[in-house]
Amino acid sequence: MRIGVFICHCGSNIAGTVDVRAVAQAAKGFADVVYASDTMYACSEPGQEGIIQAVREHNLDGVVVASCTPRMHEPTFRRTVERAGLNRYCFEMANIREHVSWIGKDTERNTIKATELVRMAVEKLRRNRPLTPKRFDVTKRVLVVGGGVAGIQAALDCAEGGQEVVLVEREQSIGGKMAKLDKTFPTIDCSSCVLGPKMVDVAQHPKITLHTMAEVESVSGYVGNFQVTIRKKARFVDWEKCTGCGLCMEKCPSRKAPDPFNEYLCTAPTINIPFPQAIPKKAAINPETCIMKQKGKCGLCAKICPVKCIDFDQQDELVTVDVGAIVVATGYDLFDWHKYPQYGQGRYPDVITSLQYERLLSASGPTGGHIKRPSDGKEPKTVVFIQCVGSRDRSVDRPYCSGFCCMYTAKQAILTKDHIPDSQSYVFYMDIRSPGKAYDEFTRRAMEEYGAQYVRGRVAMIYPKGDQLIVRGADTLAGTQVEVAADLVVLAVGVEAARGAAVLGEKLRVVPDQYGFFVESHPKLRPVETNTAGVFLAGACQGPKDIPASVAQGSAAAAKVLALLVKDQLESDPQVSRVTPARCVGCGKCVQTCPFGAIKLVEDRFGNPKAEVVETVCQGCGICTVTCPQGAIQLEHFTDNQILAEVQALCPPRIRVNYAS
Amino acid sequence: MPKVAYYPGCSGQGTSLEYERSTRAVCQAVGLELVDVPDWSCCGSSPAHMVNHVLSAALSARNLDLAHSLGMEVVATPCPSCLTNLRNAAVEMEDEGFRSKVNALLDRPYTGAVDPQSVLQVLVEQVGVDEVARRVTKPLTGLRVACYYGCIMNRPPERMRFDDHENPMAMDRLMEAIGLEVAPFPLKVECCGASFGVPRGDIVMRLSGKLLDAARGLGVDAMVTACPLCQMNLDLRQRQINAALHERFRIPVFYYTQLLGLALDVPRQELGLDRLCVDPRLALGKIKAPAPVQ
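Protein chains in written order, with the numbering used here: chain C, 2 to 662; chain Z, 11 to 304.
Take the hints with a grain of salt, since some may be wrong.
Stated by the list, open to error - BS3-like, lysine-lysine: derived pairs with alpha carbons at most 30 Å apart:
{"no.": "1", "chain 1": "Z", "residue 1": "LYS13", "chain 2": "C", "residue 2": "LYS466"}
{"no.": "2", "chain 1": "C", "residue 1": "LYS178", "chain 2": "C", "residue 2": "LYS525"}
{"no.": "3", "chain 1": "C", "residue 1": "LYS466", "chain 2": "C", "residue 2": "LYS141"}
{"no.": "4", "chain 1": "C", "residue 1": "LYS340", "chain 2": "Z", "residue 2": "LYS296"}
{"no.": "5", "chain 1": "C", "residue 1": "LYS466", "chain 2": "Z", "residue 2": "LYS298"}
{"no.": "6", "chain 1": "C", "residue 1": "LYS379", "chain 2": "Z", "residue 2": "LYS148"}
{"no.": "7", "chain 1": "Z", "residue 1": "LYS298", "chain 2": "Z", "residue 2": "LYS148"}
{"no.": "8", "chain 1": "C", "residue 1": "LYS298", "chain 2": "C", "residue 2": "LYS252"}
{"no.": "9", "chain 1": "C", "residue 1": "LYS382", "chain 2": "C", "residue 2": "LYS178"}
{"no.": "10", "chain 1": "C", "residue 1": "LYS466", "chain 2": "C", "residue 2": "LYS135"}
{"no.": "11", "chain 1": "C", "residue 1": "LYS304", "chain 2": "C", "residue 2": "LYS282"}
{"no.": "12", "chain 1": "C", "residue 1": "LYS379", "chain 2": "C", "residue 2": "LYS304"}
{"no.": "13", "chain 1": "C", "residue 1": "LYS466", "chain 2": "Z", "residue 2": "LYS296"}
{"no.": "14", "chain 1": "C", "residue 1": "LYS294", "chain 2": "C", "residue 2": "LYS282"}
{"no.": "15", "chain 1": "C", "residue 1": "LYS141", "chain 2": "C", "residue 2": "LYS29"}
{"no.": "16", "chain 1": "C", "residue 1": "LYS382", "chain 2": "Z", "residue 2": "LYS220"}
{"no.": "17", "chain 1": "C", "residue 1": "LYS590", "chain 2": "C", "residue 2": "LYS508"}
{"no.": "18", "chain 1": "C", "residue 1": "LYS135", "chain 2": "C", "residue 2": "LYS611"}
Hints were generated in silico from the structure; no laboratory data involved.
Okay, chain Z solo, but in the shape it has when bound (with noise of 0.2 Å):
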């Protein structure tokens, strides 16, 4: 059974709460265990590296540190961009000289060479799209989706090694594992507008207002994240793009999974598909009951 450790991040403990619970749950129902890295800490996201980058990479440093205080080689996580700072920390204290600075901060040196994963990068790289498929109870057939990757999971592309950036599949390859039927989605890595909802909200109205555009042009019943920032901008503000556009958008955002929890029967309540803000119970209503087996 694969094993890695486990970063949760912030969002997963207010804002994603059910993205949070549904990855535990989904992972659990695939046999991927996942090993909480023990008292972890910020990683050093915006307001940290937006001021001081050894700060930031000293946050993300403390963390890698106790994964690999539990002997593990990759650590997941959830959140695009806990990754992404976990990954910057971890590439850039490569050099010796940042890693001097950044230690000097630690009450403990970050000695170690842990590698910090998305979980769907872990779900499709060592659990793998066919085992997924495999353990499936309930397809979700009927359903039309668009995944939406964001902006940071693929990019810098050196730096992030994962899918490709321009047209990602990994999360597509996911949800027609499960039934879904996927339409190519143009916009799958262009940018939300991201934590612009506080300062300037009409950037966010406008760039994720075109993504939900491009999905209604497509004809989809629900969109499919892998970010708690592009679904809060895309879920929470959907009424507020409505209101800022003059737009009618009823498109429930999920997360991948939520979905994949579905699919493999998880309980419901781990999958806190209440929470979400767009009603999905329409889109629900049109999976497909599966032929009975006879």
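Pulled out of the complex, with its shape left as it was, chain C reads as follows (with noise of 0.2 Å):
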């Protein structure tokens, strides 16, 4: 083999801590190398043309670069070789920044590292060869998980681009948070006027297909060809006749079950539409405080519909799609309050979260958009926020900044304004954050136009008093304890992972991060793939989110998801497994561990059992390889003597000859 071995200054970023020169220099010592030299930028369009004329000109057949992590510009050198007349699997990348230079500051030392990894590499280089992947078809449909706005979003712009798409929504409608608020900032539009029209879109789409109060039960596959099972959760009601005349909500006489649409804030009908824009706009019934579910009598709504579409007996129902494509949109949760003493945790009905008084302050909420609080019901005077409950707070390991709280505090302040005009504001507040486009001209508009009184300081307590609250906090810009007496608290709460994230994540085998945000593959330069290959991410799964980033967020999913299925065919990743027939014994353990299915027992011409690998489903993990008792199966690309001849490239056996003996 002719190798050429090429060493990136990345700048200074390598260069500052590593002697390039000098691992060239080492590099032309080893084994089949024949060229090596160190270059600024490989990855520029120079360093790449530099490594192509290198190829042509020393008649390589072997190329290693060695510079940054191959998560990256793996891929870029590989396109790199093959456009230099190289088959892409004859190249090597050592990874001597972030492996050396930039944990390193002594640059001897770093300098032998990154030789050692270079040498690594030229081993493994040595007993590489050309492989050719395989092409497969690819299934033009696309799974979207979440129906809030940025799935929403993916699936409108997806059914556009001309792919079929299956929602999936856990809740009963589609709309997630957005379709709770009452107006949106910095415009102070209506957010169900303007979410409406999206929904009733997604219903109305012939290439749409919805699910909702359903779940993702299982994924298998890969990028082109999931199959994914949906679990239908029963609903007790024909969504097939229902026509959602809102009859049997009347006359139900269960009246006391629980309303999460509403944040809890009033109770529904037992048979329900959670609220008047929902999509599906289909009733369902709650089987915990269904009379006839419980006891076995009542049955009014079955007797009230006009179209006889009540079903008690209905049951869960699995649904199996194929599809090419998931774009996951699960959004968040809102942090658990009641991890603070010092607000009561619950013991005050006048604490309420931001989202409850969303709710307070819709039209189509529980008080028909007056606001009135929960304890008595009266109006309140003064309306005391509190920002940052749950962001940006180590003590309760929620240190990052939720990023929207101090917007929608300076629009609720701003709605209480216009709702009771003789109210008084105030919000207590950390740093107003709102670098968004017009955000903080609206921030300001709270604090002058409405004059809403911002307190820098966090909150110490709240006590009643009389029929008050009474809030005491800090000013840190006067230096003083500050008190203020009332009527309602609201609590800006900062945002957290979705309920169920994890689970879903390990399904898709999409990783969380450690506050249970799915990890997204780069996260300035593929901030909506994922590692996994098809899976793609929208919205607040990612990390906290407005409803503008979400949009922004699911159109860049759907159009990841349109790139991909444009294509009809798909080329799998050759580094697989290959069962070597000679050494297979039949003894069927790879079967067994192969977490994906791919490997299946087939009888030689002989009529002996062998293990044979289905290449496109196999996901090069290994397991195989090392559960083979024969050595008969090879992760190609990996092979075992490609493993120990780096492992022997850094720690070369040493001949002792012991003449005493």
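Since each chain sits alone in its own frame, please combine them into the complex, following the hints.
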């Protein structure tokens, strides 16, 4: 083999603490290396051209680049060697940036380590062989998980792009958190007026199949060929027939069902449509509070229903769909503020969350859009808003900023003044974070035009006095303690990963970060991709996001899906397991351990059982290779011999001759 | 029968004699044996720990060592201030360096691991609220009270490790067990002004006045405390508070052991009700005689 080695400076990123020339010089002495040099930026256009030129001039048939992590630029350099006429697997990368220059300051020792990593890469490359990917058909359908505004946007964009869409939503209606909001910042436009038409579009689009009250049960397959099982929960109403007339809701005698849509401020009828703009506008029965389901008699809804759609015996239903791509848009949940003992832990009914306040403001909410406090229904004249409840606080393991609370608190302060002109709002804040377009002007308006009193400091305690709540906090600008007698306290609760996100992440092989938000493939350059090919992220499941950002990500994920599904065929990764039939004894251990079901037992022409790998299903994880007692199954591009060669390059065997014995 | 070492503390010898005597009487009545720490001395409270932490800890450690010599694992004290000092010394001496500094001051190095607890904690955890309720002979029905725990009995929470530090309920449960109606007092763990009574009386007037005001707002007949200093600020200084704030508070302030004693029918002379400054007779008159047993 004729190998060329290229050591990248990465500006001063590597050259600052690694003597790249010395590494290149040392590489010239390695076996099969016929050319070695250093280069300023290997990934830049002149850098890549330099590699191509060297391949041609020195008749190379293998290339090692020592630079950054292969995560980012392995695909780049594989394309480079391909352009130079080599097979893309005749290339190896040594990571001397993340693994060397960024983590050590000692140039001499860094240089030694970098040299050894290059030696390992050369030894592996000497045993590489050209691999050719197989091609397979792509299923032209996309699954969108989560019907909030990000999921709705992704679904609509994919459908408009001509792809079939399956949208799965856990709740009874799509719309997510945005459907619960009254108005949106910074324009104070009605949330349901802007979201409603999009929800209707979802319902009416011929390319979109909607499953609500449904969850993803299991996922198998790989990019282009996922098989997804969806559990549609029993709703005890035949939605094919239900017209959404609402007669059953009026007559239902059990009216104490919890009302999650109204954030538990009130109760709902047991057979219910959560809100007037619900999509689909179909009723569902809560079996926990249904008299018929609990005690076996009643059935009033069944008698009254004009289309006879009530079905008390309905069961959960499993639906299986084949899709080529998946968009995860599962959104967020609110921080549980009861973790803070100083806010009363629920002892005071007039301490509510910001989302509950949205329901009080909303015309379709439990108070018909009149602000009435929960305890006695009185109109509050003094409202205190407390920001950063569960944000930027290490004591409750929520060190991150939830991003949009400053904005919605300003909006709620403005709306409070609009609803009750003789009211006074106080906002306890840490910092005002309003970096969006027209955002800072908006928070200023809350202060200057609407007279909200902003107090910079944390609240130490809330306690009742008479029918008011005393909010005691610090004013860190004035350096004093302040006490405000409030009629209503609104907690600007922060953002948490959605409940169930971890379970879903496991099914989709999408990794959550330490707070449960899904991790994108690259924080800047691949913001909607995940490390599982074909699975994309949109909205707040990836991190706290407001509506514009969620919508933008929904569209971005859709663009990625469309770019994927426009292809009729995809190339499979040839880094898969391969069986050497002569060695295989047909024990079947690999079949049992393979997590993807990619290995099956076949008979050879003598009738002996032999393992066989289904190349398009194999994910190249390597579990089978370590399971095989015969060493008959090897992972292409990572064979035992290649890995051992790397180890030996790092720790060369010493021949010890002991003449004394 | 549960048995613990007992550290009375200095205020029990003077300002809170009635707390000390009623504590002993109540513990006897519920079957909790208190074994006095022999030759006990100062816990190292305010004067010492303001000046020198090692000295303060050494004073506490001496008493812990004496409790240890009794073979006890728990030493109970009625006074939250003593509790804080004993607990701080016990916890901080887990550090080897600090321990050797403290032991250098002591004739006999402290090697034990005695756990200081409040008498309230021992009553709730070792005797139990149900057991106290079972022994009640004269339930105090008809009286509405606010339980005030003071600022240090439950704080800092990671060190005191007893009850909720923002909304403790141990005393509330005990008081309910003897038939009292307990109001949800929101300022349970607020500061009364503590020892500022001497240098800055105005602070105590303001802070303790706020507590009395909140209690009055709840329509209670009396307040219940577990701390000699709190009791003194609220009871002894109530007239000063009235004068300073132009108020007319007349809220008797009991030690919780005094009310427990009444319900357990402990001899009256052990309870020292006559030592309270705000006359408790009006409040006690509201107690309904129990319905005759059929």
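Results of checking the hints against the structure:
no.: 1; hint: LYS13(Z) x LYS466(C); verdict: 42 Å, violated
no.: 2; hint: LYS178(C) x LYS525(C); verdict: 26 Å, holds
no.: 3; hint: LYS466(C) x LYS141(C); verdict: 63 Å, violated
no.: 4; hint: LYS340(C) x LYS296(Z); verdict: 39 Å, violated
no.: 5; hint: LYS466(C) x LYS298(Z); verdict: 29 Å, holds
no.: 6; hint: LYS379(C) x LYS148(Z); verdict: 43 Å, violated
no.: 7; hint: LYS298(Z) x LYS148(Z); verdict: 10 Å, holds
no.: 8; hint: LYS298(C) x LYS252(C); verdict: 15 Å, holds
no.: 9; hint: LYS382(C) x LYS178(C); verdict: 27 Å, holds
no.: 10; hint: LYS466(C) x LYS135(C); verdict: 74 Å, violated
no.: 11; hint: LYS304(C) x LYS282(C); verdict: 20 Å, holds
no.: 12; hint: LYS379(C) x LYS304(C); verdict: 39 Å, violated
no.: 13; hint: LYS466(C) x LYS296(Z); verdict: 25 Å, holds
no.: 14; hint: LYS294(C) x LYS282(C); verdict: 23 Å, holds
no.: 15; hint: LYS141(C) x LYS29(C); verdict: 50 Å, violated
no.: 16; hint: LYS382(C) x LYS220(Z); verdict: 24 Å, holds
no.: 17; hint: LYS590(C) x LYS508(C); verdict: 24 Å, holds
no.: 18; hint: LYS135(C) x LYS611(C); verdict: 22 Å, holds
In summary, the numbered hints that this structure violates are 1, 3, 4, 6, 10, 12, 15.
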